[in-house]
Structure formats: C-alpha cells, structure tokens
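*Asks:* Given next are the chains, with one letter for each unit.
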Amino acid sequence: MKFETTTIDSVTVVEMEGNLDTNTSVDAQDHVNGLMDDGAAKLLVDFTKVDFVSSAGLRVLLATAKRLGGSGGSLRICGLNEAVNEVFEISGFSTILEVFPSRDDAMQGF
Amino acid sequence: MNRILRFGLAGRLLLVLFLVATVTMAVTGWMVFSSARNSLEREAFNKLRAVREIKRNQILDLFQTFEAQIDVFRNDPFIYGAMRDAAETFGKDRSVGTTTWLEFAADLDPVMGTVVDEFGWYDVFLITTTGDIAYSFVREPDLGMNIPNSPLAKTAIGAAYRAANEYLVRPRLFGSPDVAFGDFAPYPPSDDAPASFLMAPIRDGEEMSGFLAFQIPLDEIDHIMQERSGLGQTGETYLVGPDFLMRSDSFLDPDSRSVVSSFAGTVAENGVDTEASREALAGRGGEKIIADYRGVPVLSAFTPIELYGVRWALMAEIDRDEAFAEIEQTRRSAHIGFLVLGPILLLVSVFFARTITRALGDLVRSAHELAAHNFFSDDKPQSTDHLERVTKRTDEIGDLARSFVTMEQELIRSVDDLKSTTAVKERMQGELNIARDIQMSMLPLTFPAFPERQDFTVFAQLHPAREVGGDFYDFFFGDDQKFFLCVADVSGKGVPSALFMAVAKTLIKSRAATDFSPASILSHVNSDLSRNNDSCMFVTIFLAILDVATGQLTYTNAGHNPPYIKRANGEIVRLDNRHGPVIGAVEGIAYREDEAVLGPDDLLLMFTDGVTEAMDVDSALYGEDRLKELLSSRDFDSAEQMVNLLVDDVWEYQGEAEQADDVTVLAVSYNGASERGELGHLDLQVANRTEEIARVNQDFNVFAEQHGVPEGDRRRFNLIFDELLNNVISYAFDDDKEHVIDVAVSLEQKRLVVTIADDGRPFNPFGRIPPETGLPLDDREVGGLGLHLVKNVMDDVTYERLGTKNVATLIKNIELQVSN
Numbered sequence: 000m001k002f003e004t005t006t007i008d009s010v011t012v013v014e015m016e017g018n019l020d021t022n023t024s025v026d027a028q029d030h031v032n033g034l035m036d037d038g039a040a041k042l043l044v045d046f047t048k049v050d051f052v053s054s055a056g057l058r059v060l061l062a063t064a065k066r067l068g069g070s071g072g073s074l075r076i077c078g079l080n081e082a083v084n085e086v087f088e089i090s091g092f093s094t095i096l097e098v099f100p101s102r103d104d105a106m107q108g109f
Numbered sequence: 000m001n002r003i004l005r006f007g008l009a010g011r012l013l014l015v016l017f018l019v020a021t022v023t024m025a026v027t028g029w030m031v032f033s034s035a036r037n038s039l040e041r042e043a044f045n046k047l048r049a050v051r052e053i054k055r056n057q058i059l060d061l062f063q064t065f066e067a068q069i070d071v072f073r074n075d076p077f078i079y080g081a082m083r084d085a086a087e088t089f090g091k092d093r094s095v096g097t098t099t100w101l102e103f104a105a106d107l108d109p110v111m112g113t114v115v116d117e118f119g120w121y122d123v124f125l126i127t128t129t130g131d132i133a134y135s136f137v138r139e140p141d142l143g144m145n146i147p148n149s150p151l152a153k154t155a156i157g158a159a160y161r162a163a164n165e166y167l168v169r170p171r172l173f174g175s176p177d178v179a180f181g182d183f184a185p186y187p188p189s190d191d192a193p194a195s196f197l198m199a200p201i202r203d204g205e206e207m208s209g210f211l212a213f214q215i216p217l218d219e220i221d222h223i224m225q226e227r228s229g230l231g232q233t234g235e236t237y238l239v240g241p242d243f244l245m246r247s248d249s250f251l252d253p254d255s256r257s258v259v260s261s262f263a264g265t266v267a268e269n270g271v272d273t274e275a276s277r278e279a280l281a282g283r284g285g286e287k288i289i290a291d292y293r294g295v296p297v298l299s300a301f302t303p304i305e306l307y308g309v310r311w312a313l314m315a316e317i318d319r320d321e322a323f324a325e326i327e328q329t330r331r332s333a334h335i336g337f338l339v340l341g342p343i344l345l346l347v348s349v350f351f352a353r354t355i356t357r358a359l360g361d362l363v364r365s366a367h368e369l370a371a372h373n374f375f376s377d378d379k380p381q382s383t384d385h386l387e388r389v390t391k392r393t394d395e396i397g398d399l400a401r402s403f404v405t406m407e408q409e410l411i412r413s414v415d416d417l418k419s420t421t422a423v424k425e426r427m428q429g430e431l432n433i434a435r436d437i438q439m440s441m442l443p444l445t446f447p448a449f450p451e452r453q454d455f456t457v458f459a460q461l462h463p464a465r466e467v468g469g470d471f472y473d474f475f476f477g478d479d480q481k482f483f484l485c486v487a488d489v490s491g492k493g494v495p496s497a498l499f500m501a502v503a504k505t506l507i508k509s510r511a512a513t514d515f516s517p518a519s520i521l522s523h524v525n526s527d528l529s530r531n532n533d534s535c536m537f538v539t540i541f542l543a544i545l546d547v548a549t550g551q552l553t554y555t556n557a558g559h560n561p562p563y564i565k566r567a568n569g570e571i572v573r574l575d576n577r578h579g580p581v582i583g584a585v586e587g588i589a590y591r592e593d594e595a596v597l598g599p600d601d602l603l604l605m606f607t608d609g610v611t612e613a614m615d616v617d618s619a620l621y622g623e624d625r626l627k628e629l630l631s632s633r634d635f636d637s638a639e640q641m642v643n644l645l646v647d648d649v650w651e652y653q654g655e656a657e658q659a660d661d662v663t664v665l666a667v668s669y670n671g672a673s674e675r676g677e678l679g680h681l682d683l684q685v686a687n688r689t690e691e692i693a694r695v696n697q698d699f700n701v702f703a704e705q706h707g708v709p710e711g712d713r714r715r716f717n718l719i720f721d722e723l724l725n726n727v728i729s730y731a732f733d734d735d736k737e738h739v740i741d742v743a744v745s746l747e748q749k750r751l752v753v754t755i756a757d758d759g760r761p762f763n764p765f766g767r768i769p770p771e772t773g774l775p776l777d778d779r780e781v782g783g784l785g786l787h788l789v790k791n792v793m794d795d796v797t798y799e800r801l802g803t804k805n806v807a808t809l810i811k812n813i814e815l816q817v818s819n
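So the protein lines, in turn, are chains A and B.
Read in numbering that gives the first Met the number 0, the first sequence has 3 at position 4, and its numbers run on one by one without any break.
Read in numbering that gives the first Met the number 0, the second sequence has 650 at position 651, and its numbers run on one by one without any break.
Treat the hints with care, as some may be off.
To be verified - Pairs of lysine-lysine, DSS-like flavour, derived with a Cα cap of 27 Å:
no., chain 1, residue 1, chain 2, residue 2
1, B, 804, B, 481
2, A, 65, A, 41
3, A, 48, B, 492
4, B, 790, A, 48
5, B, 492, B, 508
6, A, 65, A, 48
Derived from the structure by calculation, the hints contain no laboratory data.
None of the values given here were measured: they were computed from a predicted structure.
Turn these sequences into a full structure, and let the hints guide you.
*Replies:* Next up, the structure:
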C-alpha cells in the first residue's frame, strides 16, 4: 500500500493506494499515527485509489477518528468507491465518520 | 307460568268432574224417575185392569145368575099353572080388579113374594102371549097394561118384550138363551125411575103360554160396582150405557151421577161421555190416561161388556195424581238429593282436582329446577322436597315423578360419561396433533429448499385428510448431481398409515445413500417392508433420480399415479410406465426402471391419488382429464406456481365436500444443463498465513477480470476473502502447524459461488450475533464487524461442518459484463 501525504492549508491529506485490509492496515495505522504524532489535527483520508476496505481498515479509521476527536482534531474521508461505500453503509461508519464524495467537497470548510 | 298452568288445569279438571257428576246424576235421576213412573203407571194400570176384569166378571156372573134364576123359574110347573091362571083370570075381563083375579093373585103372592125376596128381584111379572101384564107382585100402575099397545112399548119392558118375541121366531144357536133384556130407561109406572127387565117365554109343554119377566134390581149392580178394594182414595168403577148415561152410581160424583139422576138429567151434566167411554162403547177395551167426566186426568181401564145384544162400558178409573203419588214423592226426594249432593260433589271435585294439579305443579317446579341446573358444574342437583312428595304417590303421577327422578339420575350419569369421554377425546386430539407435527417435521418443508441452486427448483404441498396421513414426499441429494424425488401413498389413513409411512421413508432414504438406482432401492425396501408386515399395509410410490447436470430422470413407478412432464413447448407427457406392484405387499419383487430427460424449463409434476380422486359434493371424481386440462391450459412460471394452482383447483373442485384423502403434489422445475454449466473455476490452496490473502485476491482479481465480473462484485469478494481468511488464519488453528485452506471459486451464468474450507476447530462464522452498528463513534467496537460485512455483501452464505472441515459457502448473484 502506498501513502501520498500532502498538506493543504492546515489540512493533512493522505491519499492511499491499494487495499486497506488485514495486511496493509498495520502500515496504514503506523503512517497515520506518525502524521498525528507530528501534529496533524485535521486529517483527510482520500480513498480514491483504494480498491477495497476491510474491517481491519475500518478499525484503523475508527482508532484515528477517536484519537483526533480526543485532541480536538478531526478526520474526514473522501473518494469511496461503490464497494467501499457499501462497507461504510453496512458497518454504520458512514454515519459516525465524516464522509465526502470528493477531495474538494471534503476541503470545504475544513 | 306455574300458577297459570295449575289454575288452568285445576279449573278444567274441576269443571269436567263437576259436569260429569251432575250430568250423570241428572240423567240417572231422570232415568230412575221415568222408569219408576213407567213401572208405577204399568202397576197402576195393571191394578185397574184387574179390578175392571173382576167387576166385568162379577157383572156377567150377576146376569148369568139372573138368567139362571129366570130360566129355572119359568120351567117350574108351578109357573105353568100360574101363567095359565093369570091368563085366564085376567083374560076374562082384561082386568085385575075382578074377584077371580084377586083370588088368583092372593094364592100366587106368597110364592112370588118368596121368590122375589130370595132372588132379590125388584118385581116379577107374568105376561100373556099378547103382551098383557097379567100379574105383577108389586102391582105398580103397569099391571094390566098391554105392553105393545101402551106407553110401556117405549120402555125397557117394551124392549124386552120385542126381543123376547123376536127370539121366539128367530132361529137360535144351540145353547143360546131365549132370555131377552130390556136396558135401563125411564119407567113411567115407577115415576120415570130407570128400570131394566129380563124376560123369558114360558113353555108349557109344546105350547108357549106367556112370558115371565122381572125388574132387575139396581142395588145388586151397584153393590158390585161400589165394592172399592184396590181403588184407593179416588178410584172408582162404574157402568155406562150406550146412551152415555150411568148404569151404576158414581163414587166420586154420587149426587149428579147416580143412575137415577143420570136418567133425570143430561149426558153432559149427569152422564159420562169421555174418550174412554166412547172407546169402550165402540167395542174396544184398553187403558189410557184421559180426562174423566170431571175433566180431571185419570188412569182409565175400560172395556165393553155385552149384555143380550146391548153394549155397556165398564170403566175402572183412578186419579192420575193418586196413581203417581209415589212418583211425586220420588221426584221431590231427587230434588232434595240434588240440592244436598250438588255442593258435596263440588267440594269433592275441588279437592280431587287440587290433589292432582298440586302434584303436577310440584313436577313442573322440579322440571324447571332441572332445566336450570348446570350439570357440568360439580354440585349434583338435590331431589327437592316437593318432588319426593310426588314420588310417594301410587298413581300415574307418582309413576311420572319416579321416571322423572330416574331421568335426572340418567342425565347426571350421561353428563359424567360425556365429561370423561370428552377428556379422553381431547387427550387423543392433542396426541394426534403432536403426531401430525412429528410427521410433518419428517417432510422437507422449507422452500425454497435449495436457494443457492439455479439449475432447478422444487416445491411441494401435502394436506392430510385427517390429523395424520399416509401420504409422504421427499427429496434430497444422493451426491452432487443425483437428486432424489419421491411421492408415495400408504394404504389407509390415520396413525397406522403414518407410522408405516415413517418406516418406508426412512428405509428409502438410508438405502439411497449408497444406491443410485430407483429400481434397486425399491426392490430392497420392498423386501424389508414386506417382511413381518402383519398389518398388510403397503405403499404406492413414484421414486425418481434427477441428474441435475444432465436433466436425465431415472424413475420407478410402484403402483403409483403416473406423473406428468410439462415440456417447455407446452407438450404434456405422461410417465405411465409401471415397474412393479406396490411395495410392502409381496416380498422378493425385482422392480424395473425407466429413463426420461428433462430439458430446460420442463416441469415434472408428481402427485398422489388424493388429487385425481378428490370428490365434489356430488361425489364425482376430479379425474385425470381435469388434471391434464389444467396442465395444458396454463403456463407455469415455476414449480411453486404449478403446485399452488393445482392444489387450489382441487380445493375449488371439492367445494363444500369433505376432503376424502390426503392430497400431495410435488413439482420440479428444471432450468437446464446449459444454463447451469460453470463458466469458470478457480481452486486455490492457501496456507494459514495472512500474506496468503493478498495472493488469493490477486489470483481472484485476474480470474474476475478474465470473466467479466463487475468491479464492485470483485471488490466484494476481495473483502470476504480478506475477512474470512483472516478469521480462519487468526483463530481456527490451535497449533502453529501449517494448514491448507481450500478456496474454490465457481462462476456460473448468473452468480459467483465461493467455498472456503478449513480443517480448523468447528466454528460457524455466520452464527454470531451481529454487532451494534448504530452506536456512536466512541462506543464502537470492531469485533465481529468483518463477518457482519460478509453476510451483508453476499446474497447467500452457508456454513457446514463436513467431517473435519468447516465449509463456508458464499453466493453472489451477478450480471456478467460482456467481454470483447
């Protein structure tokens, strides 16, 4: 899994590529934790290039959202494909996480 | 109600009793009275008649005596001489004043005086042949008179003289006297006092020398007629002459109706002109109630009495009042009795009516109590006091009351019986319901039965006629391709059939595990069932094996209704080959089998005779024709529709009629080998390391892209591989050894089927309770979320533990993209 991280204004944007699954979730968690350790408070995860997200990936997002929420920051997610969106819907994550169709939408008012 | 009934019955009873009693009394009284009056009247008339006859005889005797006297005297030679002397002495001067006559008379008088005294005559005469009265003892002015040539001719003596002369010339019957009678008439010589005479010729040798006559004494006749024995207070007997004047003195009217006053007066005032006297004077005797000369009603017995050609009437009469005096007494007694008895009768009637109706009232009250009693409650009805009182009676009402008590006891007993039999029946019904549940649980009842399969669908309905039935059906896979189907009907119905059915079904299924020939299976099952089949039950069965890969149908029909195939083109095929008798009847039968092929969209219909032999209200059978008509006239989208339509049609046909037999229908819709065929297959062996998951997904993605699986579906399978394999790898194995997980991917026309098999510890990944997906962020846990996702992104997931393996099957319906 590849991570491309850019900072736009105060928002740290992480564009992931590949599958956020059992095997990659550890790397993803490490990467995001590193960003938060470096002080990233507004984090936008862009899933445009992510093929699918399994429950292991959801676990990463949940942990991240909790940590950011606890330190006054926040997590936004965008670019979900059909299958990923379905997983979000089924799991209820689409209601507990801030999900946006595109990166531009997510950046609005962040 | 009670009161009205009692009063109504009592009133009527009272009225009837009283009416019957009084009418009986009145009629009886009248009959007694009238019979008494009749007998009294008869009695009185008898008495009168007796008196009348006595008097009549006495009068006749008197006249016979007179006749005998005159007859003896006239034949005495003394009279011959006297007559000669009288004629001679009188004849000289035709005078009775001459000395010779006086001398003659003086000689004669003593003898004549003696005779007159002796015989009681009033006077005696000697009369010459020319009618001169030549001698009379009393010497009244008639002495010396010539009878025919004097006023005497018109008197009684004149009449006697004419008659005596007539007798002289008229031929007489032998023995008939030549004595002549002159009836009473006023007699001038006696100052017109009535007088009557007897006269007879004196025959001195051959010569008739004159006549001897005497005046009949009235007192002799009166003496007889006045004799009053048997005549009571008002009875009398008297004589009436043809002139309706008295011939004897009346007792009741002695002044006006003596013989003397009678001849001195008129018939109306002094005679007797009554109905009775007229009858008697007309020659007829009899007895009648008439008005007598006084106008008083009397019983009159009357008779004519003939005296020398003269007819008198002899009357014996008594006042009706006196004759019926006893009757009057009886009538008065009856009236008094009626007045006394009437109220007594009334009282007795009231009392009697009361005793009957009070008993009836008691019965009625008991009946009401009985009717109001609830026999299903446990308290028994007590026979009440008034009922007991009635049962002690010895009459019919007592009988009725006793039968009433018996009926009550019978009723209680019947209700008890009813309660216990109802309880038994309820228990049996309960057990039958359980039996039905057990029996139905032996049938595959879950539809769709094989939701993951697209190559065929199967559907069935079974409706027992009773709680439990003898029909059954079954279907199951013998292996991957061999699909067993059977429909059967055990002889009879009810519990015995159900038990036999269970045995038969079990034997077939256990045999089918290793034997894929219907003929062979039925041959073996038949032998097993026939052995020791003491109940002589049997089964008709159609058993078939459908090769779902090829559509080939191998079947054996053992005495069952032939099934139908409805081809996709609408053709109806009846599988009417038979391969042996019913099973369970005869041991050692070798059954045969036949084959047919089901093409795409063909429907196979199997059923029991409950369908074709369903009866409408007129007991007409449903029949094969109607079944065939239904099959050919309708298009069926599915096996389910076919079964439902057929069963509904049977119910509609049956209408209000009772279901006669179990109804079982089973249909298979075959979708065709070509559609079922696998488009692609991927088998992967995966080691129990998480890195292997990526390899599976990579291989699967290649496969999916090759076969045009849509991206979304591909990603869904990526997800489930990740979740399930991770699950297995992380948790299934208790050791650190390497295990192989078999992943099989099968792509069909319209779906993708994945099976994941591992040899880890038994675990059903789909049996877990789904996580709470609605909780807010901070409360969310992620345990179990993965399996929840799997279940939700797939169309069907199943888990089976086969041997030492957990096998998860995942199915997703897909639309393949056309690959170029």
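*Asks:* May I ask which of the numbered hints given earlier this structure violates, with the numbers listed in increasing order?
*Replies:* Number 3 - this is the single hint that the structure violates.
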